[in-house]
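2 protein chains.
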Amino acid sequence: MKARVTIMLKDGVLDPQGEAIRHALGGLGFAGVSGVRQGKVIELDLTSTEAEAAKAEVARMCEGLLANTVIEKYAVEII
Amino acid sequence: MKARVTIMLKDGVLDPQGEAIRHALGGLGFAGVSGVRQGKVIELDLTSTEAEAAKAEVARMCEGLLANTVIEKYAVEII
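Protein chains in written order, with this note's numbering: chain D, 10 to 88; chain C, 10 to 88.
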């Protein structure tokens, strides 16, 4: 079973990497971009076969290692 | 309109960051993880209102700046 974790900075948190991308896109002539946020995606291959249990386990991984929950939010989906 | 770009290393490409995460998860006692791949996610706020045109524009951004298409694959979705 595969799980995908998407980790983004929380909404109020400054994202200099996203801002740099927005600036670079403007420089390349892509005018229609008003905001950019960059985050991480982590795909996990799990040996578990039970979706709900796997999702809870991955949420524990996020809390313990993958995300910094002070400034980041995460979403877990089973794919 | 918002677009989400997910950029992952292509399947054959070594992913040391993902491997480090797998190792760290094992060390924390999460045994059921057989593989990890890490990638980037970029959320774009677009002024465009036409979904198909926006998707094509974002694909051009990926080819020109966001992804290194030699080693990375990308997926664009309008959200």
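One thing to keep in mind: the hints can contain errors.
Which copy? The list can't say, so a pair holds if one copy fits it or any two copies do.
Taking lysine to any residue pairs in the SDA-like style, the calculated list, with each CA pair at most 20 angstroms apart, reads [said to hold, decoys possible]:
(1) LYS82 to GLY41
(2) LYS19 to GLY36
(3) LYS11 to GLY41
(4) LYS82 to SER57
(5) LYS64 to ASP24
(6) LYS64 to GLY35
(7) LYS64 to ALA40
(8) LYS11 to ALA63
(9) LYS49 to GLU61
(10) LYS11 to ARG69
(11) LYS19 to THR58
(12) LYS19 to GLY44
(13) LYS64 to VAL42
(14) LYS82 to GLU59
(15) LYS64 to ALA33
(16) LYS49 to ALA62
(17) LYS64 to LEU23
(18) LYS49 to GLY27
(19) LYS49 to ILE87
(20) LYS19 to GLY41
(21) LYS11 to THR58
(22) LYS19 to GLY35
(23) LYS49 to PRO25
(24) LYS11 to VAL79
Hints are computed from structural coordinates only; laboratory data are not their basis.
Legend entry - Hints breached by this structure: 1, 2, 4, 5, 9, 11, 14, 16, 17, 20, 22 and 24
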